[in-house]
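Engineer: In case you want the letters, here they are:
There are 2 protein chains.
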Amino acid sequence: MNDTFLKACRGEETDYTPIWIMRQAGRYLPEYQKVRGKVTFLELCKTPELCVEVTLQPVDILGVDAAILFSDILIPLEAMGTPLEFHEGRGPVFPEPIQNQADLDRLIIPDPDEHTGFVMETIRLLRKELQVPLIGFAGAPFTCATYLIEGGSSKVFWETKKMMYTNPELFHNMMEKITRTTTLYLLAQAKAGAQALQIFDSWAGVLAPEDFKTFALPYVQQIVSDLQETGLPIIYFANNGATLLEMAASTGADVLGLDWRINIGDAVRRVGKVALQGNLDPFALLLPKEKLKARIGRILEDAKGAHGHIFNLGHGIHQFTPPEQAKAAVEFVHELSQR
Amino acid sequence: MNDTFLKACRGEETDYTPIWIMRQAGRYLPEYQKVRGKVTFLELCKTPELCVEVTLQPVDILGVDAAILFSDILIPLEAMGTPLEFHEGRGPVFPEPIQNQADLDRLIIPDPDEHTGFVMETIRLLRKELQVPLIGFAGAPFTCATYLIEGGSSKVFWETKKMMYTNPELFHNMMEKITRTTTLYLLAQAKAGAQALQIFDSWAGVLAPEDFKTFALPYVQQIVSDLQETGLPIIYFANNGATLLEMAASTGADVLGLDWRINIGDAVRRVGKVALQGNLDPFALLLPKEKLKARIGRILEDAKGAHGHIFNLGHGIHQFTPPEQAKAAVEFVHELSQR
Chain A
1 MNDTFLKACR GEETDYTPIW IMRQAGRYLP EYQKVRGKVT FLELCKTPEL
51 CVEVTLQPVD ILGVDAAILF SDILIPLEAM GTPLEFHEGR GPVFPEPIQN
101 QADLDRLIIP DPDEHTGFVM ETIRLLRKEL QVPLIGFAGA PFTCATYLIE
151 GGSSKVFWET KKMMYTNPEL FHNMMEKITR TTTLYLLAQA KAGAQALQIF
201 DSWAGVLAPE DFKTFALPYV QQIVSDLQET GLPIIYFANN GATLLEMAAS
251 TGADVLGLDW RINIGDAVRR VGKVALQGNL DPFALLLPKE KLKARIGRIL
301 EDAKGAHGHI FNLGHGIHQF TPPEQAKAAV EFVHELSQR
Chain B
1001 MNDTFLKACR GEETDYTPIW IMRQAGRYLP EYQKVRGKVT FLELCKTPEL
1051 CVEVTLQPVD ILGVDAAILF SDILIPLEAM GTPLEFHEGR GPVFPEPIQN
1101 QADLDRLIIP DPDEHTGFVM ETIRLLRKEL QVPLIGFAGA PFTCATYLIE
1151 GGSSKVFWET KKMMYTNPEL FHNMMEKITR TTTLYLLAQA KAGAQALQIF
1201 DSWAGVLAPE DFKTFALPYV QQIVSDLQET GLPIIYFANN GATLLEMAAS
1251 TGADVLGLDW RINIGDAVRR VGKVALQGNL DPFALLLPKE KLKARIGRIL
1301 EDAKGAHGHI FNLGHGIHQF TPPEQAKAAV EFVHELSQR
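Same order as they appear, the protein sequences are chains A and B. FYI, in my numbering the residues of the first sequence are 1 to 339. FYI, in my numbering the residues of the second sequence are 1001 to 1339.
No wet-lab data here; the hints were simulated from the structure.
Calculated pairs, DSS-like style, for lysine-lysine (alpha carbon to alpha carbon, straight line, at most 27 Å): (1) A:K293 x B:K1213; (2) B:K1162 x A:K155; (3) A:K162 x B:K1289; (4) B:K1291 x A:K213; (5) B:K1155 x A:K155.
Here are some, though not all, of the chain B residues that point toward chain A, as calculated from beta-carbon distances under 7 Å: (6) K1161; (7) Y1165; (8) A1208; (9) P1209; (10) T1243; (11) R1261; (12) I1262; (13) L1287.
Even for Gly, the Cβ is constructed at its ideal location relative to N, Cα and C.
Chain A extracted, bound-state conformation:
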């Protein structure tokens, strides 16, 4: 069992810097495309055997130091009782967005084993196969709320901010319901066998610092606090959150994810005893090998003072990335970080 990733999460000494890649089980892999070609995205998410297959692919092909459950942050939202559709090339759609308290009241706080049992089954099956740690995950409440309010993805989050600014009570009510759902969902993943838990706040970066503090941060703090009983490392990734870093650290998460917009050395200086995960620009995987190696070397060097470093990209790997470049990146990280 390779536990380098878990040690780094806890800030313990490791023989080398572990690496995994956000969206490592994804469209850039022909092996994934083959599985995905037979089913819809939602069917894939709800079929444990297929989830296991695609989760294992990058572990075998790239040699990463952790696996992440194949699923989607919107799965528990659908379980709350709102229809979810994925349209090819358009992304997720919630055809019944939440616009008022009555809409919100119709949503339930789902029992994770009853309503998302396929996720827990995937985790149980994966633990029998894996020789590296398994990361479970969920979306952060603010990010989840944007999908429910906008009815899908958004460019500017007009409806979300409109609700925040003109009906904060409704917004907070929604955040409480999503927060409780997320906590139960992650606790169930821990019980099923997840060995670390990542909270993805993909859209935190659209908030002004004072709004993040009021409308998003308290709910992440609540979840991290409620997950302490699991004893698992918690990773919080506030995407595009360079100005939110100190607040992200205040959640009590063991690891903070960084996107590529920040120098990781600056992040080390700004946070205290917390591990950092990141932060190569995903598109830098296109660099010629020698330049890629040099760039990875600079990140490893800059991260040296960190209380634990897990190498990763600053965002999900792009679908047009050649898999051999991702494989090379994994090898460079391992080679350059040998202690």
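On the provided structure of chain A, position chain B as indicated by the hints.
Structural biologist: Below, chain B alone, put in the same frame as chain A:
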């Protein structure tokens, strides 16, 4: 003549904090919609009399302390010889994106008076009408390059970064050509009567700091340096550029624009003797009046140590914003900042 804006740009004492609003001549104003309803967007940009009319509207309606030339950052790129189309609801399209050196060689460095005379004529006409300073502007070279390479707007800038990482020589050649075009374009605006010049780096925030330093910053530094002879205040706005702030200051610009993601007090502490412009979240204009006033008050308070502060939004005003909220914001800024 109200010169409060120009004084603030230079870090001089003012009686109150001046304000203007990015995209203040825009779709949120029924008066603008009326003009725009009669012509296409490009026709509007190329008809000085209509540009004058819409440029003046927010000065009269909102009472802002500066006017900004109505135009588009893509105008000088079209003048370089590449076709430009605007499709309703889809944004700008360059149907012949730059993919290789031959494509680039076909572009010219246009004579701004000959190829964009309508812009200079607009400036001359506006100066006869205005009682507040007139801001001219252009896109920063990196931002302009993304449009030429992607063939329009982009979400992830795959093609741009692909060129940067796999063909840096071509990328730098393109940046040099755009930089020279931009310098000549802004010098012509100064000669026509612009009283301050803003450089919009709308997409700077997609770059890792080391890439910004290599691929974008030197060209902005070149432009700012070449504009010194005009004696006009230069404003550089690197959107989503919280981690690039010190480098932005190194351009030599007199004023740095800030988006809403950063606390302006933190920005004051990080930059030296440079004025700051910003930075209310545009959607915060939806706040009830009392809360809007309090929020504006906090920004004014946080900005107090700045070497000059020009109030603005952190991004362009959104098309669904009620104009009376924008008007209220202008009044609050003036009222709360009286010295």
